[in-house]
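Protein chains in written order, with our numbering: chain A, 1 to 137; chain B, 1001 to 1137; chain C, 2001 to 2400; chain D, 3001 to 3400.
Where hints are given, some of them may not hold.
Going by beta-carbon spacing under 8 Å, a handful of chain C positions derived as facing chain A [stated by the list, open to error]:
| hint | residue |
| --- | --- |
| 1 | A2333 |
| 2 | H2337 |
| 3 | A2339 |
| 4 | D2340 |
| 5 | E2347 |
| 6 | H2356 |
| 7 | L2368 |
| 8 | I2398 |
Have a look at the derived ranges for each label pair, beta carbon to beta carbon [claimed, not checked]:
| hint | chain 1 | residue 1 | chain 2 | residue 2 | range |
| --- | --- | --- | --- | --- | --- |
| 9 | A | G91 | C | Q2319 | 37 to 47 Å |
| 10 | C | E2237 | B | S1005 | 34 to 44 Å |
| 11 | D | E3019 | B | R1113 | 11 to 21 Å |
| 12 | A | R68 | D | S3072 | 30 to 40 Å |
| 13 | D | Q3108 | A | Q36 | 53 to 63 Å |
| 14 | D | T3145 | A | L127 | 54 to 64 Å |
No wet-lab data here; the hints were simulated from the structure. Glycine included, every Cβ here is placed at the ideal spot set by N, Cα and C.
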Amino acid sequence: MNQLSTTAQQAIDEFQACEQWEQRARLLLQRGAQLQELPQTLRTEDNLVHGCETRVWLLLDREAVPPRFQAASEARLLRGLLALLLLRIEGLDAEQITAIDVTDWFAQLGLSRQLSPSRSNGLNAVLIRMRELLDNL
Amino acid sequence: MNQLSTTAQQAIDEFQACEQWEQRARLLLQRGAQLQELPQTLRTEDNLVHGCETRVWLLLDREAVPPRFQAASEARLLRGLLALLLLRIEGLDAEQITAIDVTDWFAQLGLSRQLSPSRSNGLNAVLIRMRELLDNL
Amino acid sequence: MFLPSPWRQFFPGILAFAEQQQVWLDSAATAQKPQSMLDALAQHYQQGVANVHRAQHQPGERATRAFENARSSIAKWLQADAQDTLIFTKGTTEGINLLSQALAHHLQAGDEILISAYEHHANLLPWQQLALARGLILKVLPMDTDGHLDIDQAIAQLSTRSRIVAISALSNVVGHKQSLSALLSAARKIGAWTVIDGAQAAVHERPNLQQLDCDFFVCSAHKVYGPDGVGLLFARERAVPALRHWQFGGEMVRHCDYQHAEFLPAPLGFEPGTPSTANIIAFAATLEWLQSLDSQAIATHEAALHAALLQGLQARGMQIIGSPNCALVSFNAPQVHHADLALLLGEQGIAVRAGHHCAMPLLHSLGLAGALRVSLAMYNNGDDLQRFFAALDQALEILQ
Amino acid sequence: MFLPSPWRQFFPGILAFAEQQQVWLDSAATAQKPQSMLDALAQHYQQGVANVHRAQHQPGERATRAFENARSSIAKWLQADAQDTLIFTKGTTEGINLLSQALAHHLQAGDEILISAYEHHANLLPWQQLALARGLILKVLPMDTDGHLDIDQAIAQLSTRSRIVAISALSNVVGHKQSLSALLSAARKIGAWTVIDGAQAAVHERPNLQQLDCDFFVCSAHKVYGPDGVGLLFARERAVPALRHWQFGGEMVRHCDYQHAEFLPAPLGFEPGTPSTANIIAFAATLEWLQSLDSQAIATHEAALHAALLQGLQARGMQIIGSPNCALVSFNAPQVHHADLALLLGEQGIAVRAGHHCAMPLLHSLGLAGALRVSLAMYNNGDDLQRFFAALDQALEILQ
Ligand SMILES: Cc1ncc(COP(=O)(O)O)c(C=O)c1O
Ligand SMILES: Cc1ncc(COP(=O)(O)O)c(C=O)c1O
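The following block holds chain A by itself, in its conformation from the complex (with noise of 0.2 Å):
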């Protein structure tokens, strides 16, 4: 486990003052729209990640060190959680990343239902597809 970076515990602290579940959606939506835009000629199928129903695409930018991703989505409050989740493994390692407790983050963010079992939101298979871009770095 790392230590969270200041803009991590930031974040952590925003989320757990929201009492309801309306100022956590809010929240998500300011996350969301902080996100870094990605390029239309970067939202091609190949960066497309399986096993979403809402399209989400996850770049990994080879050159960077340490490896930066960039990531995007249709769905602005999965964009949130998409800015969320490159917070907490921004200024990581590979190994770094592969070690993060992904769903203790959430959990202290109070989303861990975000992190759902079930394919409609593709949380998950970004998870796993991060996994596998960084194995083949």
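Given the structure of chain A, go ahead and fit chains B, C and D with the ligands onto it with the hints provided.
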């Protein structure tokens, strides 16, 4: 419904007098022993009744008036049941045979359970085959 | 919205959901079970089980009788003729796969299979894969502007090469009861086999297979308030001989040696292996219970719910798929991704379905990435709809 | 014969039979269910059902979690590797039919499939019919004088054309646990796929699929104290890619349009349609309960019952098929037709099986029209055997 023949009525009296399954079983064995032997030459594939695990042969003598069935089985108790079935239809014409309530007949004998819906005991299959043979008369 | 359901009390699952503040509006996916189903299942297991069709012992005879009584009872529910055949399957999907395999030997390259544009994957993919394997032509019958099957166009598509016409009686996306009789008789006239996917329709109107002139009809127990893992394939007397044995094992053999075998005719010849006895018996019990209710009252109640649902969605400017007239409505909110809306409805305890509804090609042809679907059953009531609309308003407020 | 079963009390079916003076000695056909199974089933239905894998709502997530937990839990019971795959089926029969279809494209005319002489129809007919359709050779591996598979002979029969070796781990007629490891590794060496029919074996010894070096393993829940209508197909990691998709429908699609489709890999790609969720969850609960018991004590108890059964039959001069060492004994009384004996045992409330036991070719090759089979489970006790023997003596007295 036709009147029961005297011999049929005797069978009912005999079986109804049984208080225990052993007595009924012994009576069945006796009845089976009295069933006319079917020569090996008639125990053909064609005369085999499909749908029972125990082999049963059934023939309709097309010349006889009224129609006359012959039956055989390797199992002795089933032979007894066949004998009782033939006893019930003895002397009846095709139409009368089709009209009789076989379930009721075996119920009166206290042998309802032997008309089982399963295929192991072929009595139900024998009935179906009888009707087929009569239909093709 | 005062639309109470007098039948709600019979569904423990619905009562449990209510305690958890969950509103079940996803019955088109799977329906909750009445207490009678649970009782039948428990009773069957508790009294001791036995295999059917084979045993000389009393438990075996009791099981066989119960099993075959269930078959007759379900056939009666279908209003089938005594000469027709009822084959038990795992569900609609297996029933259609069975047909696509058991009829395959009749088909030759260039022959046509016709389906509608709104078929569920279960009534698309088995035919599509058969077509790909055998060089057949899969014709997709178009919808009209209401999202209904265009019957005139459909009939015009029939040709002398048409061998199978396979259509849903009620689409799980559009929610529209199709009148199929003209198409069915046209198909029959040219000698094509007709297959009705009754997965969605069966629960909203008791099938009448003397009236519905198809060769085959399939549905799933779990969508008709019955247990999981059982379905049925009805085959009309005239069509049964067309079926070739498709799977092999115990219970379906007339005679065999190591190198050859002869099989029993349908239904047993198409039910290899130990059947799902307990579930089949519980399914029959479910349908018997269902028939003990006032079907007219249920239909009226469901229609009132459906009208209220449709009206509420229209009043809110939702984009509705087609012109649904039964059981369900699929829709999108303008400018809102269906997944966002579904997530916020989920947060509020509203169980509706979102996505492509196992009808990817349909959604794609409508230019949609997905849609939400609200589906109804006899246990739903006005409160359920009110809670749904409140949650919808709330979600839209957040998302807009 | 003092052999009490401490587990009898957990089986309501056995207790119900006892009240009706019925002795259940036909567990090889189907096993009675423990209360834990009934509870799991009832609880699942009562709390409200939902479809798995697809929904964004909480009931759907709960169902998905329970379903996939059941899969993991059953895989653990099988002692499978994390990389191996568990596919849910309707039962053993469907599992073997799946394999015979999903492997078919690898086979060419002249290739060989090997089975033993004692296979159940379920592990004979799918291969036989495939062989007939494709011009393959079905080799039947012989038994030795004890009615056991002759392993040396079996290995000698392997050739470079051998593609599939499919064998029961425990025959439902002979009741002998086969040691298969030598055959399995020889088959593997020449590149044949190995299939184990575990339908009878699984309930008497927990499978260990890390030790048993086969590619595929199948069994049925209903014979392992589980619910009706569920089975499993285990596929080892190395063998999974050999399987081609065999049935099509919802839940198994990656992407499709009207004319083409791409499918998910195993397991989901091999589980089209709505799964038998409730039954699968109840099956996992059954196995968890089973694992909470003292397996050594159960094995000892069953062995003691088996020894007493064998001894009693031998003492009465019964003609026993082979040298059974587990779970069941098949036999005939000299000069007595098995159907007569079965009928009189049935009259006395003894539930044993009589007939060909879905192994017609085996019985035929032994020159038998049929046989009786007494089979045991953990809930049987010395009393059951005593009642059986008393009834046997009585029946023989009448028949002799
Ligand atoms: C050895 C063996 N294989 C296969 C089967 C078939 O199992 P099921 O009928 O559950 O599919 C049985 C059950 O009778 C069996 O004993
Ligand atoms: C129209 C239609 N056909 C077929 C199916 C498949 O049914 P099952 O999954 O029970 O096999 C469904 C269910 O989703 C459906 O709605």
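Original post:
Failing hints, ascending?
Top reply: Of the numbered hints given earlier, those the structure breaks are 1, 7, listed in rising order.
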